[in-house]
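> Chains as they are written, first to last, in numbering that gives the first Met the number 0: chain U, 0 to 393; chain F, 0 to 313.
Simulated from the structure, these hints should not be mistaken for laboratory data. Since this is a predicted model, take the numbers as computed values, not measurements. Hints may be right or wrong, so weigh each one.
[To be verified] Straight-line Cα separation of at most 16 angstroms, EDC-like style, residue types lysine to aspartate or glutamate; simulated pairs:
| hint | chain 1 | residue 1 | chain 2 | residue 2 |
| --- | --- | --- | --- | --- |
| 1 | F | K89 | U | D128 |
| 2 | F | K257 | F | E205 |
| 3 | F | K93 | U | D200 |
[Said to hold, decoys possible] Listed next, with one range per pair, are the computed distances between beta-carbon atoms:
| hint | chain 1 | residue 1 | chain 2 | residue 2 | range |
| --- | --- | --- | --- | --- | --- |
| 4 | U | Y215 | F | Q16 | 24 to 30 angstroms |
| 5 | U | H54 | F | Q16 | 40 to 46 angstroms |
| 6 | F | R19 | U | T30 | 18 to 24 angstroms |
| 7 | U | K243 | F | I248 | 51 to 57 angstroms |
| 8 | F | K150 | U | T30 | 39 to 45 angstroms |
| 9 | F | H181 | U | D200 | 31 to 37 angstroms |
| 10 | U | S88 | F | R63 | 32 to 38 angstroms |
| 11 | F | S161 | U | S88 | 40 to 46 angstroms |
| 12 | U | V276 | F | H181 | 56 to 62 angstroms |
| 13 | F | H181 | U | E37 | 23 to 29 angstroms |
| 14 | F | K91 | U | A210 | 41 to 47 angstroms |
| 15 | U | Y215 | F | P263 | 46 to 52 angstroms |
| 16 | F | Q16 | U | N197 | 27 to 33 angstroms |
[To be verified] Which bits of chain F does chain U cover? Going by a derived footprint, with three or more residues having C-beta under 8 angstroms, they are:
| hint | stretch |
| --- | --- |
| 17 | 41 to 53 |
| 18 | 60 to 70 |
| 19 | 291 to 305 |
For each residue, glycine too, the CB sits at the ideal point set by N, CA and C.
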Amino acid sequence: MSKKIFVSGDEAVAEAVRLAKPHVISAYPITPQTVAVERISDFVEDGTLKAEYLHVESEHSAMSAAMGAAAVGARTFTATSSQGLLYMSEVLPYVSGARFPIVMMNANRTLATPWALLSDHRDSLSQLDSGWIQVYCEDAQETLDMILQAYRISEDPRVMAPMMVNLDGFVLTHTYEMVELPAQAEVDAFLPAYTTINRMDLDDPKTVCYAAMNDYMEFHMKQELDMRKVPSVIEEVDRLYGDKFGRYYDGMVEQYLCDDAEVVLVTLGSVTGTARVVVDAMRKEGHKVGLVKLRYMRPFPREEILDIASRVRAIGVLDKDISVGYEGIVFTNVNSTVADLETSPGRINFIGGLGGRNISKENTRGMFNELLELARGEKKEKIQFVNARCEYHG
Amino acid sequence: MSIKIKDVIHKESPMTQGHRMCPGCGAPTAVHQGLMGIDHPLVVINATGCLEVSTTVYPFSAWRVPWIHTAFENAGAGAAGVEAAYQALKKKGKIDKEIKFVAFGGDGGTYDIGLQSLSGALERGHDFTYICYNNQGYMNTGAQRSSATPKGANATTSPAGSVIPGKLQKPKDLTSIAAAHHIPYVAQTTLHNYMDVASKVKKAIETPGPAFVNILVPCVLFWRIDPALQGDICKKAADTRFWPIYEVIDGEWKLSYKPKKRVPVEEFLKPQGRYSHLFKGERSKALLEQAQADVEKDWEYILDRCGETWEPAE
Numbered sequence: 000m001s002k003k004i005f006v007s008g009d010e011a012v013a014e015a016v017r018l019a020k021p022h023v024i025s026a027y028p029i030t031p032q033t034v035a036v037e038r039i040s041d042f043v044e045d046g047t048l049k050a051e052y053l054h055v056e057s058e059h060s061a062m063s064a065a066m067g068a069a070a071v072g073a074r075t076f077t078a079t080s081s082q083g084l085l086y087m088s089e090v091l092p093y094v095s096g097a098r099f100p101i102v103m104m105n106a107n108r109t110l111a112t113p114w115a116l117l118s119d120h121r122d123s124l125s126q127l128d129s130g131w132i133q134v135y136c137e138d139a140q141e142t143l144d145m146i147l148q149a150y151r152i153s154e155d156p157r158v159m160a161p162m163m164v165n166l167d168g169f170v171l172t173h174t175y176e177m178v179e180l181p182a183q184a185e186v187d188a189f190l191p192a193y194t195t196i197n198r199m200d201l202d203d204p205k206t207v208c209y210a211a212m213n214d215y216m217e218f219h220m221k222q223e224l225d226m227r228k229v230p231s232v233i234e235e236v237d238r239l240y241g242d243k244f245g246r247y248y249d250g251m252v253e254q255y256l257c258d259d260a261e262v263v264l265v266t267l268g269s270v271t272g273t274a275r276v277v278v279d280a281m282r283k284e285g286h287k288v289g290l291v292k293l294r295y296m297r298p299f300p301r302e303e304i305l306d307i308a309s310r311v312r313a314i315g316v317l318d319k320d321i322s323v324g325y326e327g328i329v330f331t332n333v334n335s336t337v338a339d340l341e342t343s344p345g346r347i348n349f350i351g352g353l354g355g356r357n358i359s360k361e362n363t364r365g366m367f368n369e370l371l372e373l374a375r376g377e378k379k380e381k382i383q384f385v386n387a388r389c390e391y392h393g
Numbered sequence: 000m001s002i003k004i005k006d007v008i009h010k011e012s013p014m015t016q017g018h019r020m021c022p023g024c025g026a027p028t029a030v031h032q033g034l035m036g037i038d039h040p041l042v043v044i045n046a047t048g049c050l051e052v053s054t055t056v057y058p059f060s061a062w063r064v065p066w067i068h069t070a071f072e073n074a075g076a077g078a079a080g081v082e083a084a085y086q087a088l089k090k091k092g093k094i095d096k097e098i099k100f101v102a103f104g105g106d107g108g109t110y111d112i113g114l115q116s117l118s119g120a121l122e123r124g125h126d127f128t129y130i131c132y133n134n135q136g137y138m139n140t141g142a143q144r145s146s147a148t149p150k151g152a153n154a155t156t157s158p159a160g161s162v163i164p165g166k167l168q169k170p171k172d173l174t175s176i177a178a179a180h181h182i183p184y185v186a187q188t189t190l191h192n193y194m195d196v197a198s199k200v201k202k203a204i205e206t207p208g209p210a211f212v213n214i215l216v217p218c219v220l221f222w223r224i225d226p227a228l229q230g231d232i233c234k235k236a237a238d239t240r241f242w243p244i245y246e247v248i249d250g251e252w253k254l255s256y257k258p259k260k261r262v263p264v265e266e267f268l269k270p271q272g273r274y275s276h277l278f279k280g281e282r283s284k285a286l287l288e289q290a291q292a293d294v295e296k297d298w299e300y301i302l303d304r305c306g307e308t309w310e311p312a313e
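Bound conformation, chain F alone:
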């Protein structure tokens, strides 16, 4: 399953350039990096969201592979139908190729409105991969909070003001929820290392049965970052342990990345405009301490699941 960069460097991505995604958006990067190691013919199922609408709109399409938009909350079910039809036609000898099916959804279409449909498709065991490009909020509709939005983030429906300091709730742990379906492959990563993204998605796609990959990607408008810092901010998400990188293979939890040093979460939060209120005023210290405590608690959970210990260098 290993990927050699010289083998993929000249390969056409299933998605072309020239789409309408914003400069610095992490979603197309996730598509390009994730799919660059795939050799099988692909069919893409896309939930409603930025990726869907910004790569299409009749008569244009940025997709070189067969692609379908079903609706917002049903990419799981749509993928299930596509895959079932493929299995049926293959049994009848009408298709002979080994085709792989990949669904893309944002965190809105995956964590929230599409969770039921996704859960159903995972439980039924369809041979497909669901990739959540998770920018932690509803970006297609203008940066509203989702159940993936981190505590403290300033979103348009969880505004940070003088009374309430942004979103009050912790995000849902969707990767664990996917793993609780006991499917063959689950992974969580971010755009911190393209080989990590490519190899996790390749494993997901080549593993028979359902697979789920949760990729943290920046939205420059919501996160309010310099578009040039896409890779940098994702590296900070991994290094601060804000977004642990791991995979769950047949129920075995495996930590993919252990930062060498203890880097405070502030380094991830500080460059982002959505957290600027955490660095001002008299509540600043308490809010940042709480953010760090949340990171430590979540990290302990992942270490425990993976059977790992962590001893950072001083």
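Just chain U, with the same shape it has in the complex:
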């Protein structure tokens, strides 16, 4: 039987990891991921999680040890945030290129300098090209569910790719909510034991993770061609999970009141909750606004975005990041997809939430108003900062 527990996002991650029964955990503490690795340590200590826990001396070693463990065919888990993610970034393409299904929690936190602790998406979005699947969660329940789904997706022989489960630092990691904890037997039935031929084996010795000079390109073509099939696996696992546990997340993208929407706002992570409330309020006032919760950034939901863009008059993309010198990273991704349409809707890139700056309901309403005005033919600045404390022009 499942049960309700009152936990923080970090604790929800730890509970999910205990249910997933990894053989090896290697992690280095970093705020705001720390509570997750502390709870997992507690579970290893009290014997409720039978795993080898490597208390490594850095994030680089955390990912390196996870890779070594995965190379033996073990289910592995690691967790990080912000600078820690960047410190391990060298090893990320090693892992994805070697096709090891490591699952990692990333507590989204901004990057230095200025050094800061609160949440934005600059850390994980800087690693989009690392070959990892990236999912962004809206709340603690979704985070718990996605850790479990991540193992099922990553370890699927059609996928064999590592997966990063992102949740906003502090906003989700350190706030408490009621979360439904699935029963172990049910999880065991959903998540079978991991078996793979992609491992070192004494009876059939293999040389793994090694150099390929002339064949390098074909290895990565294979990786890309396989990744293109991952959205269908994600949809499949989402349905399977929903049928078993009663929670469906609509796979790659959740469309909230998009069917008849004139304008939509694209969001990632916890800010979706705020936007949902604003959409409800504006709908009552008669505005045809909708919300696109972009769940996966890699693989990118090209089909879904094209479908939405072909129906609306304006799309806003809320980026909690910026690629300095260009625009928001999510915006670039949405834009390159929308460019496939013969006539594309108007677009505005809203840059907000940097370093954890609040994005209020009023700010969100302001974004929708800008989009509605753009849809009516008014000229709008393409890139706009949200809730900035200084003037800016162009």
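Add chain F to chain U, keeping to what the hints say.
Then chain F, alone, in the frame of chain U:
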């Protein structure tokens, strides 16, 4: 733990011939000699470096045993992960064999960029052996200086010229650093005596817990020696006390080799092109005297640690 030559002479080495290492390179010799006395199934973890890239490259591999390349600076962590997964799967009854884990790294991957990862793995007590094949510089990238490069050596980033006579700093004493982790087994040797190499590595591998072996090996391109003189130059490193041969067993320092006579360090330096500038010009005498003084000082440190005295024959 003793090794009988008749028992190992027909045994297959975990690494085949036909790899791309240079003729005269000491690294493959260290692998063959070190692993020839091992009876357990082995898994090898290899840091980026000459040994890694010259024994592999898809679709070829010179390794008869399971082998993984992690990256440059993380062989310690990679080995830790492999070993931890083995322990976890063994507890769950999915593996029943007694497997041993050996990591190989050059001095670049060990003394410098990989030191943190190695230190972490030693401190956590993983049951594995780390072997540093130490050719005293970054050879895979073209003979640049490392923190293992001896004072006075001419390297491509510490060039010997008219103003600066090669590398100015003494190398870091990594074997002592490893010993300071108070792990069960630490040793330092060179290719001066194959039984010494084989027995030290065997002890390292068969001792439960972490072990570290630092093996001085020549790089013919950097050292600029005749490839046929591999064993000879290593013998000179031991005989001149340039590279003391010892082990540290559970904290007990033990000298393995006391040269009978006092052989000047010049005999080790002279055959090597990387030191040719020390034998020319007006600074020659002072530089060689300094090199000898450094050897004496380091030797005293090792004698003191081992509780030994040394009385060479005249």
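> Now tell me if each hint is right for this structure.
Hint check:
no.	hint	result
1	F:K89 - U:D128	36 angstroms, violated
2	F:K257 - F:E205	26 angstroms, violated
3	F:K93 - U:D200	12 angstroms, holds
4	U:Y215 - F:Q16: 24 to 30 angstroms	26 angstroms, holds
5	U:H54 - F:Q16: 40 to 46 angstroms	41 angstroms, holds
6	F:R19 - U:T30: 18 to 24 angstroms	46 angstroms, violated
7	U:K243 - F:I248: 51 to 57 angstroms	56 angstroms, holds
8	F:K150 - U:T30: 39 to 45 angstroms	43 angstroms, holds
9	F:H181 - U:D200: 31 to 37 angstroms	35 angstroms, holds
10	U:S88 - F:R63: 32 to 38 angstroms	34 angstroms, holds
11	F:S161 - U:S88: 40 to 46 angstroms	43 angstroms, holds
12	U:V276 - F:H181: 56 to 62 angstroms	59 angstroms, holds
13	F:H181 - U:E37: 23 to 29 angstroms	28 angstroms, holds
14	F:K91 - U:A210: 41 to 47 angstroms	33 angstroms, violated
15	U:Y215 - F:P263: 46 to 52 angstroms	50 angstroms, holds
16	F:Q16 - U:N197: 27 to 33 angstroms	28 angstroms, holds
17	41 to 53	holds (count 4)
18	60 to 70	holds (count 10)
19	291 to 305	violated (count 0)
Hint compliance for this structure: hints 1, 2, 6, 14, 19 are broken, all remaining hints hold.
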